[in-house]
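Participant: Okay, here's what each chain looks like letter by letter:
2 protein chains.
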Amino acid sequence: MSDARKDRAGLASPHRRRLLGQGAALVGGALAGSTARAVAADDANAPPSIPDWMRAPGADVGSEPYGTPSRYERRLIRNIPKNLPQYISASSRTPLQDLDGIITPNGLFYERHHGGIPEIDPSQHRLMIHGLVETPLILSMDEIRRFPSESQIYFLECSGNPGFEAMSGRTASDLVGLVSCSEWTGVRLRTVLEEAGLKSEARWVVAEGADAAAMTRSLPIAKCLDDAMLVYSQNGERLRPQQGYPLRVLLPGYEGNMSVKWLRRLNVTAEPAYSREETSKYTDLMPDGTARQFTFVMEAKSIITRPSGTQRIARGFNEITGLAWSGHGRIRTVEVSVDDGRSWTEAQLQAPVLTRALTRFRLPWTWDGTPTTILSRATDETGYVQPYFADLTAIRGTKSFYHNNAIIPWRIAASGEVTNGFVKA
Amino acid sequence: MSDARKDRAGLASPHRRRLLGQGAALVGGALAGSTARAVAADDANAPPSIPDWMRAPGADVGSEPYGTPSRYERRLIRNIPKNLPQYISASSRTPLQDLDGIITPNGLFYERHHGGIPEIDPSQHRLMIHGLVETPLILSMDEIRRFPSESQIYFLECSGNPGFEAMSGRTASDLVGLVSCSEWTGVRLRTVLEEAGLKSEARWVVAEGADAAAMTRSLPIAKCLDDAMLVYSQNGERLRPQQGYPLRVLLPGYEGNMSVKWLRRLNVTAEPAYSREETSKYTDLMPDGTARQFTFVMEAKSIITRPSGTQRIARGFNEITGLAWSGHGRIRTVEVSVDDGRSWTEAQLQAPVLTRALTRFRLPWTWDGTPTTILSRATDETGYVQPYFADLTAIRGTKSFYHNNAIIPWRIAASGEVTNGFVKA
Numbered sequence: 001m002s003d004a005r006k007d008r009a010g011l012a013s014p015h016r017r018r019l020l021g022q023g024a025a026l027v028g029g030a031l032a033g034s035t036a037r038a039v040a041a042d043d044a045n046a047p048p049s050i051p052d053w054m055r056a057p058g059a060d061v062g063s064e065p066y067g068t069p070s071r072y073e074r075r076l077i078r079n080i081p082k083n084l085p086q087y088i089s090a091s092s093r094t095p096l097q098d099l100d101g102i103i104t105p106n107g108l109f110y111e112r113h114h115g116g117i118p119e120i121d122p123s124q125h126r127l128m129i130h131g132l133v134e135t136p137l138i139l140s141m142d143e144i145r146r147f148p149s150e151s152q153i154y155f156l157e158c159s160g161n162p163g164f165e166a167m168s169g170r171t172a173s174d175l176v177g178l179v180s181c182s183e184w185t186g187v188r189l190r191t192v193l194e195e196a197g198l199k200s201e202a203r204w205v206v207a208e209g210a211d212a213a214a215m216t217r218s219l220p221i222a223k224c225l226d227d228a229m230l231v232y233s234q235n236g237e238r239l240r241p242q243q244g245y246p247l248r249v250l251l252p253g254y255e256g257n258m259s260v261k262w263l264r265r266l267n268v269t270a271e272p273a274y275s276r277e278e279t280s281k282y283t284d285l286m287p288d289g290t291a292r293q294f295t296f297v298m299e300a301k302s303i304i305t306r307p308s309g310t311q312r313i314a315r316g317f318n319e320i321t322g323l324a325w326s327g328h329g330r331i332r333t334v335e336v337s338v339d340d341g342r343s344w345t346e347a348q349l350q351a352p353v354l355t356r357a358l359t360r361f362r363l364p365w366t367w368d369g370t371p372t373t374i375l376s377r378a379t380d381e382t383g384y385v386q387p388y389f390a391d392l393t394a395i396r397g398t399k400s401f402y403h404n405n406a407i408i409p410w411r412i413a414a415s416g417e418v419t420n421g422f423v424k425a
Numbered sequence: 001m002s003d004a005r006k007d008r009a010g011l012a013s014p015h016r017r018r019l020l021g022q023g024a025a026l027v028g029g030a031l032a033g034s035t036a037r038a039v040a041a042d043d044a045n046a047p048p049s050i051p052d053w054m055r056a057p058g059a060d061v062g063s064e065p066y067g068t069p070s071r072y073e074r075r076l077i078r079n080i081p082k083n084l085p086q087y088i089s090a091s092s093r094t095p096l097q098d099l100d101g102i103i104t105p106n107g108l109f110y111e112r113h114h115g116g117i118p119e120i121d122p123s124q125h126r127l128m129i130h131g132l133v134e135t136p137l138i139l140s141m142d143e144i145r146r147f148p149s150e151s152q153i154y155f156l157e158c159s160g161n162p163g164f165e166a167m168s169g170r171t172a173s174d175l176v177g178l179v180s181c182s183e184w185t186g187v188r189l190r191t192v193l194e195e196a197g198l199k200s201e202a203r204w205v206v207a208e209g210a211d212a213a214a215m216t217r218s219l220p221i222a223k224c225l226d227d228a229m230l231v232y233s234q235n236g237e238r239l240r241p242q243q244g245y246p247l248r249v250l251l252p253g254y255e256g257n258m259s260v261k262w263l264r265r266l267n268v269t270a271e272p273a274y275s276r277e278e279t280s281k282y283t284d285l286m287p288d289g290t291a292r293q294f295t296f297v298m299e300a301k302s303i304i305t306r307p308s309g310t311q312r313i314a315r316g317f318n319e320i321t322g323l324a325w326s327g328h329g330r331i332r333t334v335e336v337s338v339d340d341g342r343s344w345t346e347a348q349l350q351a352p353v354l355t356r357a358l359t360r361f362r363l364p365w366t367w368d369g370t371p372t373t374i375l376s377r378a379t380d381e382t383g384y385v386q387p388y389f390a391d392l393t394a395i396r397g398t399k400s401f402y403h404n405n406a407i408i409p410w411r412i413a414a415s416g417e418v419t420n421g422f423v424k425a
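In the order they appear, the protein sequences are chains A and B. To convert, note that position 221 of the first sequence is 221 in UniProt numbering; the numbers rise steadily by one, no gaps. To convert, note that position 108 of the second sequence is 108 in UniProt numbering; the numbers rise steadily by one, no gaps.
It is worth saying that the hints were derived from the structure and are not from the lab. Keep in mind that a hint or two might mislead.
[Unchecked claim] Listed next, the stretches of chain B that the computed footprint assigns to chain A, with coverage defined by at least 3 CB atoms under 8 angstroms from CB atoms of chain A:
{"#": "1", "segment": "64 to 72"}
{"#": "2", "segment": "97 to 105"}
{"#": "3", "segment": "359 to 366"}
On a predicted model such as this, the values are computed, not experimentally measured, just so you know. Virtual Cβ for every residue (Gly too), placed ideally from N, Cα, C.
In isolation and in its complexed conformation, chain A is listed as follows (with noise of 0.2 angstroms):
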């Protein structure tokens, strides 16, 4: 037996990886749920076939002036709910579970609306500051442009991502597909509140959207004098519509709603506004029937996103990847169980791991076909840990809906299908 032929076998070269070889044999056969084979000795320095798109000519260059996915990806869309009552106030999903990195393209961002999606001209576009200011000031959006800039990757997350009561999604979409991250350009909400001049009486700033809902939200002043930003582009280019073109304000790691897009006013305040949005909605309702408000951060979460719901898996090297983020900064780390829990084996974070961002985990992981069921959990840099559902539950009860950041368990079947671990089998 030639070293080579050795090496096939699993028997020599450990620093030979055999990996899609494992469970499989890579010579003579295809391997198990795949078409791959090897190439016989004689055919080996042939090429293979000549496909029909090498025959002719292919489309010319900037056909696409501004590009568009393979027909063959028309599938890979927003995940849109279906026989809703309205669709102005709603949300839409990305679809993680296709995804890969941590970038979420344009066109596949979340949605939540609470008036419909308005069509802002930006050149009649103005943004107001007012209330406890020394000058107030209206910006157009030339003007906002000229302030210092600056870039960063954060996620946005709807803060009930997935509710309490909505744990049955079948994909990772359909659980916590109200998560997407960018790379965000604007100034600093704080250079433009300098610029105004906050007086001393000022603790919050009152955002409002140009949208039909005037999206109003409280932003407390420590946070729009910290990482808060005015935000015009997104991934390079201007914001989409849905993300709030011409201008929203961002608040790194805080639940998305107080993002307020379409932002015109900022009215600088000593209470907070208590808007519909901060009262009869985004609260968190205790056991006990009092509420929880300005329940600002959310916390460490993680997903694995494959193998996730409705996808099918074979024997054999099966890498886990999947993403993990946290309001609070930093991921520490990811650890995956595929035992149910009993043990946890601590994930590779991809570099860089950026705060408030979305941070991919991944972990090899080798099936043997024995049904099981995968989680993992995240922790971050100030050492929360990611909780079970059951410990949500214990302390804020089942009437809670938003801040579900629970374990997400996915079930593997004998099959290799992979189902939502919170739905009986």
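Following the hints, position chain B against chain A.
Facilitator: Leaving out everything else, chain B in the frame of chain A:
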């Protein structure tokens, strides 16, 4: 005079920055070149007038299952040359002067094709790995996606960006728009080569594309075993057809044509292929008539994107911002001159500064209205400093075409108009 009044006149509060106020009074008049106004005391608590887009509900959630830019941004497209004799072997450029941050949205990534853009069915696509390997392989896309993955933010740049004779463009895109930057996901090429098993004589990997040009380049084995990747995703979603859907090789920091798109074949060899694209093209003609071959690395370069050609600036505060990159690793410093190279100031680099990625730089500047020329100059982590064009031609003559990384001058007229400093005023 109150403290606030003093401040507005620039007499008090050194901690208060008056960015938009520089060179113009904020209260009681418009800013130079802008429509900004401070709000008079009696209407400071009235919101700005209600725009039309707040008076009725906007578009539904999910009205765009795959989102597109605002219709007010329809001018923001690829920079496509006019009146070429043919477009199947040509290029389009990224509109750098209108983008922010470092991520290029997929719709605006630059193009360079040699036989048009093939439309490939991923279920039919195969990658063959053969030649000096122990086990030749044919892999489907599903199999390639089973290997361990990684995600990296890298720039990609055409080696003719711009050609030596092509320095007369009007915009930043005309000059160096053949560079873009994405988060790429795929498998380390080394992993797949190790799966096949390299023979000891392996020195080159000849990559072939599945386009009508069968684009072919020889990749040095050291790079293939270092950071080279097989890439299937870009900014989260699958590669766009223009960037090699469903699979390309990516050689970080090397000239773009080596990152062969629509990848179908890797032939491991002892010698390079001396293909058309590494003999008749993509070589550097020297003054003595010889040609440098296999000049792989794109050396340190930078360009100011704002202000840049065809833009117009106002007196007062202007942020100077642009992009720098190096195929040799990280950018160490970017210096900016606002006096045609007589003096230089170090710009601020946006963190994180990543290896072989675009790096955003910024410098605050107050323009007093005097005509001048502004420049940027990048230094990479090896200590290499971006040269003047005259320094390049002193060594390489004027018959060279590729690997032009000259310092780009922007001339600013008394009117604030910005034009290409290479073109006589």
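Participant: None of the hints should be skipped; say for each whether it holds.
Facilitator: Here's how the hints hold up against the structure:
Counting residues of the segment 64 to 72 of chain B whose beta-carbon sits less than 8 angstroms from any beta-carbon of chain A gives 9, enough to reach three: the coverage restraint holds. Closer than 8 angstroms: that is the beta-carbon criterion, and the segment 97 to 105 of chain B has 8 residues meeting it against chain A, so the requirement of 3 holds. For the segment 359 to 366 of chain B, the proposed coverage by chain A is satisfied: 3 residues have a C-beta within less than 8 angstroms of a C-beta in that chain, meeting the threshold of three.
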